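Colleague: Position chain B relative to chain A; hints supplied.
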Amino acid sequence: MTIPGNLAEPVRGQLDADGRLISADPPLLRLHLHCGGYEGGPLAVPQLLSLCRLSRQLDMNLSRSVQAADEENLISMWVEIRLHREKQDGAITINIIDWKESPAPSTNGEEPGRRRDFDRLNGRGSIRTDASLRIMALSLPGDLDAVENYIGHSLLDVLDLVEPSKQSVLVESISERQPVRGQHVRQRHGKKSFYTLSGQPLIDNEGLFSGYRFSLELDEKQVAEENRDEAGMGFGQGDLISDSLFGSQLGPALRQPLGKIIANAETIGSRLEGPLRGDYSDYAKDIASAGRHLMDLVNDLSDLEAIQRTSFSVAADDIDLVDLAHRAAGLLAVKAADHQIRIDLPDKDIEMPVKGEFRRVLQILVNLIGNAIRYSPDGSVIKLQVINDGEISSVTVRDQGDGIAEEDHQRIFEKFERLGRSGDGGSGLGLFISRRLANAMDGSLTVESAIGKGATFKLSLPTRAV
Amino acid sequence: MAKRDFLMDRNPGVDLVQQAAEIGSSSAHISDDLASALFPKSDVILSDRMLSNGRQYLRAIVQEIETEICMIAAKDFGMQQDTIIEIGNSSRVHSYALLQNAGLLESKILLDNVFTAVQRVELGARLLQKISQADLESVLTRYLDDEDASIADAAMALLVAQSRDNAGPGSLQAHIANLPAEILFALTWPITAALQKLSGDEGPELTQAAEKLLGGHDEGIGTQNRSARLAQLVDQAEGSDQNLHPMHDGLDLFLARLARRSGLSVNQLILFTAEPHMIRLVLTMRAIKIPLDQALSIFSALDGGGQLLTRASYNEIDENKASELVSSWSANPLYQDAQRRLNVHLSDLPA
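Listed in order, the protein sequences are those of chains A and B. Just so we're aligned, residue 0 is where the first sequence starts under numbering that gives the first Met the number 0, counting upward by one. Just so we're aligned, residue 0 is where the second sequence starts under numbering that gives the first Met the number 0, counting upward by one.
Read the hints as simulated data drawn from the structure, not as lab findings. Misleading hints may appear alongside valid ones.
Unchecked claim - For lysine to any residue, the following SDA-like pairs were computed, each having C-alpha atoms within a straight-line distance of at most 25 angstroms:
1) A:191 <-> A:357
2) B:74 <-> A:161
3) B:40 <-> B:278
4) B:320 <-> A:58
5) B:196 <-> A:191
6) B:107 <-> B:247
Stated by the list, open to error - Examples of chain B residues lying across from chain A (beta carbon under 8 angstroms, computed):
7) 20
8) 105
9) 106
10) 149
11) 180
12) 181
13) 184
14) 210
15) 217
16) 219
17) 224
18) 228
19) 231
20) 232
21) 278
22) 326
This one's a predicted model, so the numbers in the text were calculated from it and none came from an experiment. Even for Gly, the Cβ is constructed at its ideal location relative to N, Cα and C.
Bound conformation, chain A alone:
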């Protein structure tokens, strides 16, 4: 969409001698506010500000093309800076002709919001820094204080590197704008949690380096070691494995090599490193796919173990079912598109506030929609609806698959139950875990279905009073 500029009326603004924006047409004011400015405050749009400064410095009028970003839009402008000489008051008029807005292309084809959802789904935190590594945005699972304490600080001021990772290696990678992988770090202050840090450099639309986007995965191995050291009582000498088999030991030990297998197989399969015979590239894709299946299984087993622990608890976040339905569908959009499946979602304007843990509800919905995609014919429609029944609010996921026989309605929620199916990438744990999670959040997960009539899964959670 391109909003054409109005030839007759340029967008105007006026700065006083101190650089304060004393008047501005609505589009300019909006941009100024989105850039962190306030009404009557110093001009906050960096591109315009530098032009005004240059104009003052040279004591000359300037006319130049400027591009600015406003949330999801790119704004191209032709800007004329005019100094008020006759009045001797140091004021500057900004005339913007050809104000054109167009949607900003995403940096690498994936919406940042969607990537954040992936991170949250996997229990990962994320940090976005500017070019000088100052933290601009972050989310750390379970550490809300970090958000207000860390914003604006340098990344290296808030995280310490833990052996075997070395600060020099990290700094070198960053100075060369290379991706950062698997660095072990620890928070300097606050909860002092251990994380594994990975990051990608960000290149903006002008092709310039604009910072890094890091993801932080809780380093469970280090945490377990730390706990053992601190408590002075870990596992007995004779214990080969702890009572927390996947959470602290096997899970991390398996995820790391699996991650490498998947990444390498994908690199080979997509022929990123050079040409390869077609059948070899297909084999590599098969390896990647098998690796992902194993990874899902490891994740499911970790979850299984977690929810069966007596100490398992879930957070009661203030969440909205419609919002989560949209996020979950967004995460699976590519998979659905592969099968030409359309996901019908409730209107974004509807609100369905409930109590439940954000990450866990997202996990349940991804499982339900993922199953629906897996068992629906290509080209069909999956419909998500929300229902408010007073104290309980629900979201339903209806597919047009083969349906589930009445007698199997309970069986599908049992551990490792596959109803005789195999080879479709499922572990038989997803629905078992999802129902347990729903129950833990004082909700429920049920199914209505009949052979040949598709299936409707219903996740219900306690309504939150707004």
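Modeller: Okay, now just chain B, sitting in the frame of chain A:
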């Protein structure tokens, strides 16, 4: 050249001893001149025609600015000094030799601008070997009928600027209106100081006139600026990818559009066209995914040395590597310059 002017202007009665001393001090720089001619630091070959054009361009700009300042000083600030009035009405440059002797014309920003101007003339001349002047001038008229009123308006503004200059491709656009604000600023103050020295007048009128000249300058009406505005608008219109070509848009608009799409500056692109085999230009085209046939055609339109870009060599360029390189060239020029110098320094160190 300037030295010779200086000597010829001299009154024959001036003391020969003084002249000999001046020649002696200037000859001390002979090794500098020879060094820059014998050991050029860049791979760009500066032909005699380009050097002559460069000198002519610089003299024309200096003359225009000094005339303008003197006229403003006389008309608007009532300055009645003879030298100033004479310079204001003259068609000859007066302060050039003074500025040259003082080294005030050697700033990098100014010389880069001079180079861009002369290379632009070269490119215009190369283009004229492939398409007629009339055809080139008519290309813009097609934007006049554009549905988008702002495109039509910007195209009209560019046509007006071009016709005002009366400097189509192949001729030197030595006109104050075409100067970026920074260049005019960098030239105006040294020229003002030189005029004060020439006239012996220390009053405020000349500086006031310079301020007025700078204050009245509107870089927005320059041909390059108007091309940049049209490029910005045209590139946002749908389906604009097809026709990116110097013969389709004319040199100025083509360069402005290529600059927009690659994130590089027009001056950088002009420099690329002067480099051997225009390698960086080819890489830039590859990085912004210009299709093979179009790239070959653009290359041959801009090439002046009978060089060929083959299909195989264009296809061989790795698009991602080309994008990486282009994005590194678009970094801050000061940063790039510093990087280059630091690398030179390191390569001199013993292994």
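Colleague: Are the hints correct? Go through all of them and say.
Modeller: Status of each hint after checking the structure:
1. Restraint check for residue 191 of chain A and residue 357 of chain A: the C-alpha separation of about 23 angstroms stays at or below 25 angstroms, so the hint holds.
2. Pair hint residue 74 of chain B plus residue 161 of chain A does not hold up; C-alpha atoms about 75 angstroms apart against a cutoff of 25 angstroms.
3. Using a Cα cut-off of 25 angstroms, the hinted pair residue 40 of chain B and residue 278 of chain B holds, with the two alpha carbons roughly 18 angstroms apart.
4. With a C-alpha separation of about 42 angstroms, the suggested pairing of residue 320 of chain B with residue 58 of chain A is violated against the 25 angstroms cut-off.
5. Proposed proximity of residue 196 of chain B and residue 191 of chain A is contradicted: the alpha carbons are some 70 angstroms apart, above 25 angstroms.
6. As the CA atoms of residue 107 of chain B and residue 247 of chain B are separated by approximately 33 angstroms, the hinted pair breaks the 25 angstroms bound.
7. Hint status for residue 20 of chain B: violated, given a least beta-carbon distance of 39 angstroms to chain A, over 8 angstroms.
8. The beta carbon of residue 105 of chain B is not positioned within 8 angstroms of any beta carbon in chain A (closest approach about 21 angstroms), and the interface hint is therefore violated.
9. The beta carbon of residue 106 of chain B is not positioned within 8 angstroms of any beta carbon in chain A (closest approach about 15 angstroms), and the interface hint is therefore violated.
10. Taking 8 angstroms as the C-beta contact cut-off toward chain A, the hint placing residue 149 of chain B at the interface holds, the least distance being around 5 angstroms.
11. The beta carbon of residue 180 of chain B comes within 5 angstroms of a beta carbon in chain A, closer than 8 angstroms, and the hint placing it at the interface holds.
12. With 8 angstroms as the threshold, the beta carbon of residue 181 of chain B comes within range of chain A, its nearest partner Cβ sitting at about 7 angstroms, so the hint holds.
13. Interface hint at residue 184 of chain B: satisfied, since its Cβ lies 5 angstroms from the closest Cβ of chain A, which is below the 8 angstroms cut-off.
14. A cut of 8 angstroms between beta carbons decides the hint on residue 210 of chain B: the least distance to chain A is about 7 angstroms, and the hint holds.
15. With a least beta-carbon distance of about 6 angstroms to chain A, the hint placing residue 217 of chain B at the interface is held under the 8 angstroms criterion.
16. Residue-level restraint check for residue 219 of chain B holds (minimum Cβ-Cβ distance to chain A is 3 angstroms; threshold 8 angstroms).
17. Checking residue 224 of chain B against chain A by beta carbon gives a least distance of about 6 angstroms; that is within 8 angstroms, so the hint holds.
18. A distance limit of 8 angstroms between C-beta atoms decides the matter here; for residue 228 of chain B the minimum to chain A is near 5 angstroms, and the interface restraint holds.
19. With 8 angstroms as the threshold, the beta carbon of residue 231 of chain B comes within range of chain A, its nearest partner Cβ sitting at about 5 angstroms, so the hint holds.
20. Here the hint on residue 232 of chain B is kept, as its CB sits about 6 angstroms from the closest CB of chain A, short of 8 angstroms.
21. Given the 8 angstroms rule on beta carbons, the hint for residue 278 of chain B is violated: about 19 angstroms separates it from the nearest Cβ of chain A.
22. With its C-beta approaching chain A no nearer than about 4 angstroms, residue 326 of chain B sits inside the 8 angstroms limit, and its interface hint holds.
The structure fails to meet hints 2, 4, 5, 6, 7, 8, 9 and 21 from the earlier list, while all remaining hints are met.
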